[in-house]
Amino acid sequence: MTGEIGQLSLCLAMALALVMAISGLSGARPGAAVARAVASSATIGFAVFVIVAFGALTYAFVESDFSLIGVASNSHTAKPLLYKITGVWGNHEGSMLLWILVLALYSLLIVFLRRGGERLISAALGVQGLLALAFLVFLLFTSNPFLRLDPPPFEGRGLNPLLQDPGLAFHPPMLYLGYVGMSATFSYAASFLITREGDGNWARAARPFMLIAWIALTLGITLGSWWAYYELGWGGFWFWDPVENASLMPWLAATALLHSSLATERSGAFRSWTLLLAIAAFSFSLLGTFLVRSGVITSVHAFANDPERGIFILGMLVAAIGGALALFAWRAPSLETGAAFEPVSRESALLLNNVLLTGALASVFIGTIYPLLLDAIGGEKISVGSPYFSLTFAPVFAGLLLIVPFGPQLAWYRADPRATLRALIPVAVFAVLTGFIVLLLSVPNSAIAALSFALAAWVIGASALDLWRKRQSGRPTFTTFAAVIAHAGLGVTLLGVTGTTLWRSEALDVVRVGGTMPVAGYSLRLDKLDAYAGPNFEAVRATVSVLRDGARIAVLTPEKRSFPTEGQATSETAIRTTGVSDLYLALGDQRGPDAWTIRAYVNPLAPFIWIGGAIMAFGGLMGLFARFGRRVVVSSVDAVPAE
Amino acid sequence: MTPRKRRRIAFIAALLLAGAGGAALVLTALKDNVLYFYSPTDVAERHVRSGVPFRIGGLVETGTVKRGPGAAVQFAVTDGKTSVPVAFNGVLPDLFREGQGVVAIGSLNETGVFDASEVLAKHDEKYMPPEVVQALKRQGRWKEGE
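Top line first, the protein sequences correspond to chains A and B. Okay, so the first sequence: first residue is 1 according to my numbering, each after it adds one. Okay, so the second sequence: first residue is 644 according to my numbering, each after it adds one.
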């Protein structure tokens, strides 16, 4: 029954998406009030049916309804409830339905927040309708999650055990909130190009969507990196894997967009560029979806290698990007040129920020796409690894961090260069001192470490000073907090990345029960090995005592789990963190009746990587609060040019 | 020329310069840091020099896996026609088995043994690295639906 309800809901949602597209776009004409009303109602209906369909699929997973192919191939009765639910999006079909669900939720948000003029909203809904239509056609005709299986099997095939993890349960929804959130900004930009209503106000209207998407993307990437760290057992946090890059590219574009749209809102500078970035941010989200879902890259994320699906998504990608760019080429030249600004000004800093972020984006894009293109034209099979990205991405990002402290100090239009420099002298002194202290500590790789720490101190110090000064001069607003906190988070992440990459200690040995192995001043003693059975796996648990100067300071229990249903095995790492450093243990492979290889890492400052990510997201949240505080102003501004 | 125009030209010139610098950086970085994928037969036919890092892929040849001393492992990778000995000091992936697909990253040493720094196996029983599939297909050792 649930299958039929889901199928029917999806068909109705598809019909309503068509209504949304037609009425929304015709509502762009002045005076078409009826069309605008229809677009709003159609959006609500579309969203309701998508929610019902998603609910039906979730119900089928929870109830283990194996008459649905998707449930039979990705679930199992013995699976814990949480993973039955996450199994909904742990497969290609369900994850595409989640994509559409998020699109529906953002469309609802556009209707209910009513940001911007009537025509702007209407055409934005129209564009959302077009996107929804394309994805629903894709879902229903190539990846239907409600396909039946006759006769239903007695038991399901289970979910990839790597995905059976609480950290990963919320990674895909977060990432999708980010990816698809860029669609709202994209729709507003396209809508502005169609209606030309309210001048630069489209950026102000789309700001909350931009921020929500950016926050979600930041959290999604942070969660993904954290998961890779503790689940994959390699001790690394970022592998420059094409799938990771696919999420980093929209993040870089969205970060550039958040900055350039500030200038567009404020003074009308970079009008065309901001529009282009809004198109780019969503295009990179679509590209990410294409890379991950089409099976062109092989990874945990590639559920199915179906070329037909790949071609369909590629077609959508080309249509969306091509259509938006054509619209841009047609309408943008008639935009007024942006306001002028002096070489030393907030605008210039934002411009430099955008140039560097675009450069970083280009380096990631080339490193990700080049091997795929070469393979597609039948050339050599190659892969581009972290050395390439360390050489290209890292210097550009370092340059970006160097200019970060200047931005908030500079006045709009024209800033006093001397006053700015003077304001930053204490921070520069702090940064240089930090660098020297690191040099004096004679740690490994001290030169690079000193530069890195100085850079982090420069960014965090500037944030702290900025906050303190604003407090002195009156009540700090959410807007002040937003930039300051987000920038500080970037500095914190840099500390974590530096510590983990430059100062990691690593040890690998075969240890018998009762034997020990050393790692970075600790001694690890394998006390015992226990076999036990979990709900849907068999496991070996090692009990390892951590000794320092002969005294036991901790007991860690890394595990190796094998999942008979899925025919896979995973390593459950054991991590002892002090908040500033991680001792990380992973069980390797069995080398005898009571001997296993144990891989041990000491990762100094590792937790800072994800703490920094969380701080950045929190900064974004502050920015969101600031926006909703100013909502009244937005509507009064938009009320003026309405017809 | 108005000051505004002059500034604009200066800005575009600076941007072009930065773009050219960036492109040069990217190209050199790509040239030196690309890992090629070779099948065991490629390795034999192309006379890959020792010390040059690359990826090798194929099946773990049955009966060649030797463990120890310590965490060291030796095995051979084959595509049915040629096989290349591999030495690895580390933790093998959970699904490393004889007769299964494997991809290793490393370089050849002087004695023709592939010193692997990383060994990747497929991450579930249904999955086979596409490079390995192609390498096997070229030797006529791959049946669809296998």
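It is worth saying that the hints were derived from the structure and are not from the lab. Treat each hint with caution, since some may be false.
[As the list claims (entries may be wrong)] If you want the ones that stay clear, here's a sample from chain A, every Cβ over 10 angstroms from chain B, calculated:
1) P30
2) F290
3) G310
4) A332
5) E336
6) A362
7) E380
8) V396
9) A398
10) L402
11) I437
12) S473
13) V510
14) V546
15) G588
[To be verified] Simulated restraints, written as ranges between beta carbons of each label pair:
16) A/T577 - B/A687: 44 to 54 angstroms
17) A/L8 - B/A687: 30 to 40 angstroms
18) B/K709 - A/L8: 18 to 28 angstroms
19) B/P696 - A/P151: 49 to 59 angstroms
20) B/K780 - A/V318: 53 to 63 angstroms
Glycine is no exception: its CB is placed at the ideal position from the N, C-alpha and C atoms.
Looking at the structure, which of the earlier hints fail to hold?
6, 7, 8, 13, 15, 17, 18, 20
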